Amino acid sequence: MSWLLHLYETYEANLDQVGKTVKKRSDREYTLLPVSHTTQNAHIEVTIDEDGDFLEAKVLEKESTLIPCTEESASRSGSKVAPYPLHDKLSYVAGDFVKYGGQIKNPEEIPFDKYIRNLEEWANSPYATEKLKWIYTYLRKGRLIEDLVAAKIIKLDENQKLIEKWDDKYTARLGEKPPIFSSGAAETSSAFIRFNAFTPDSPEDVWKDKAMFDSFIAFYNQKLGEQDVCFVTGDTRPSTERHANKIRHAADKAKLISANDSSGFTFRGRFKSSKEAVAISYEVSQKAHNALKWLIHRQGKTIDERVFLVWGNDNNPVPNTDEDIVDMMQHSGREIEREPDTDKPYADQVKRAIAGYRNDLTYQAEVNILVLDSATTGRMAVLYYRHLTKELYLNRLEEWHKSCAWEHRYRKDEEQFISFYGAPATKDIAFAAYGPRASEKIVKGLMERIIPCIVDGRAVPRDIVRSAFHRASNPVSMERWEWEKTLSIACALIRKGLLEKEEGEEWNVPLNTESKDRSYLFGRLLAVADVLERGALGKDETRSTNAIRYMNSFAQNPGRTWKTIQASLQPYQAKLGTKATYLSKMIDEIADQFKDGDFNNAPLTEQYLLGFYSQRRELYKKKEEDTNE
Amino acid sequence: MRNEVQFEVFGDYALFTDPLTKIGGEKLSYSVPTYQAIKGILESIYWKPTIMYIIDELRVMNPIQMESKGVRPMDYGGGNTLANYTYLKDVHYQVKAHFVFNEHRPDLAFDRNEGKHYSILQRSLKAGGRRDIFLGTRECQGYVQPCEFGSGEGFYDTDERTQYLGTMVHGFNYPDETGVNELSVRLWPVEMKQGYIEFPKPAECTIVRSVREMKPKLFHSDDIESAEQLLRDLGGE
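Residue numbers (our numbering), protein chains in the order written: chain A, 1 to 629; chain B, 1 to 237.
Hints were generated in silico from the structure; no laboratory data involved. All of these numbers come straight from a predicted model, not from anything done at the bench. Be a bit skeptical, because a hint or two may be false.
Below 25 Å or equal to it, Euclidean Cα-Cα: the simulated SDA-like pairs (lysine to any residue) are [to be verified]: (1) B:K69 - A:D456; (2) A:K496 - A:R409; (3) B:K89 - A:D456; (4) A:K275 - B:D176; (5) A:K99 - A:Y30; (6) A:K253 - A:D456; (7) B:K69 - A:G445; (8) A:K253 - B:Q6; (9) A:K275 - B:Y76; (10) A:K496 - B:D176; (11) B:K89 - A:L388; (12) A:K272 - B:Y118.
Please take these sequences and the hints and turn them into a complete structure.
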């Protein structure tokens, strides 16, 4: 159940995806990064020809580029000089940077010197590729800025110095503002340059060329640190103390593994340094983090920076815990029945949705569930991790959708409301319990609490059910559509709660005319009153019925409130005349079913919502049938 | 031999911190306790320097579940910081273990009385242990009681598959128990079969990583007082 190990295995299982750029619908790109590589937004692209001469350059619009990186450069910050091995900022890669007025923080340590030494070592190593050698040949000449100026990419001021920021005063002398000044680079010297080498034989761009990735990986591999026991795999391999950040997105500083004991009580006591406490191999750290980043981009869901991730080890899609049946149907490419025949066993619909993922339940197919979040900017925590067989996971998911289920009508599909049966999406549960304006913080907290209910079959926390119940009992506080949604979700939660009781009561959507439960009967009465009054009101009259308006106090004092409701029904009964006979009769029939002494003022239990929903549905269905005949 | 002990240990939460998340990150529990954690629990029940515990087997009774909590750990610089720690929830284990005499304490050879230690251990266990029991970390209170190892129903009883739980820390080799002036950490690949985890003996662990040199603390006869002496001092018979 080691999460790092499973991430590492996921990487190994998807080696064919390494370096492949995939575009998301939102036009954002993501890649399964090769080891020792990262991504950066490039601002300028410089192309070198086969003789190691400058060919052309162009300004890019913030293009994400896959670049090689060392441990040091990946975590460089502040004034530290730590060049990337190949593509880097102008201040690192231009040999004539100082000549054109570039500022160097420490004259002892010129960034270009360090950069070109590193590049030389790589270019002269047995792992070097032709393209790399051309780039090195060119950069060694130290004339990048000169060439970029000649190519009119960057501009010099009257003292032949680099213009760091564009000022309107230059416009008069130098003409239009060149695009590089609006490319996103804060200053010209921090513009990120990527190099390409053009040759007809191998048209692949340098940053997409697998030969280039492999070249750097092989070169860097022999420069790695000491061997140590890896706590994830148990093998002895070159280890690392630096771990990836930018896990959730490019601006994310939080790390999953970090070592810091100059502040904070962490490992101190038994160990003197973090190295004594633990070791992890460079390869495992890189691959596990890269796989995680890739998975988050591919199928993670982020709510207020909290990441919810479900993935399988067999590359087949797995349903998410936070989806409802409609989502699942859509993801598995199945048709949704618009108006399902509601009285046949509902479980079919759920079964069919999940069956889509069951197709090839190969041996050892497994599912991982991971939730990540950070409390502070620097550190990230695994809030939840679970590893289980796919079959068990799907069974649990099916169980959840069968037990925490009701009939819902709030989902829209092609501009039409559809009715579906199953468990509501966790996000919708949050809105039902805390209102549609619930902050993302609350939503993410609830989602994390619901996951164990789904995956481990735990009971839904009472506070969530109570909260949804109370909101559903108070329809006047919200708009109609919102109340309807809250009502069906509350019913789903209540149903699950009752199933979990020791006696295990099962309540279903179709009306139970046998039940003598007083709350259920009261709920039914309320529904009949609602339907009766609604029927008497014209189509244009959209105001709430008395039954709905008194719902909240009805739940508290049913006996007394019912008198009020019944009294206010009389004008409508009169208006409808004989049309109301059926419903009036029904009220008497339901009232008849009360056991002695049950018709009192004790607050209603949650069952009354079920009775209300089922009775109302039954009446409307009957009406439809009547009109059809 | 009368040196075996069987007991169950349970609690609402447990945090057997994965060392990777301990050195500066946010603590996350291993999915099952380490050998060393169980040894610590046993030593809380009853321990004397004369004896050394060997943990034989562990049985995981409840499903492995996690729950995170927001905590406010102390900061060296003063005050607190914010963190999310992830605990195991609702844990229940059965343990089978035994004790042996610590051969590296020849000064305590006079105390090597198997029956005595066995009886005290059983009595201590019945009383719930001599010291506080905690599951991995101090904030996770645990409870122990005697039980027959393997009795009762466990969650993983019917799980036919062998679950590989990854490489985990087994425990530490302390100089006073190994006779080697070195602190080292043992790792092992953990497998769980129907909830049972059989621990290899410390000497059988193949992955051993040296941490640093360490000398055992030395004791002299002036440092320790025998029970007989104490009894005499107190004026007993």
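Outcome of the hint check:
no., hint, verdict
1, B:K69 - A:D456, "holds (18 Å)"
2, A:K496 - A:R409, "holds (19 Å)"
3, B:K89 - A:D456, "holds (12 Å)"
4, A:K275 - B:D176, "holds (23 Å)"
5, A:K99 - A:Y30, "violated (38 Å)"
6, A:K253 - A:D456, "violated (32 Å)"
7, B:K69 - A:G445, "holds (11 Å)"
8, A:K253 - B:Q6, "violated (47 Å)"
9, A:K275 - B:Y76, "holds (20 Å)"
10, A:K496 - B:D176, "violated (56 Å)"
11, B:K89 - A:L388, "holds (17 Å)"
12, A:K272 - B:Y118, "violated (37 Å)"
Comparing the model with each numbered hint stated earlier shows that hints 5, 6, 8, 10, 12 do not hold.
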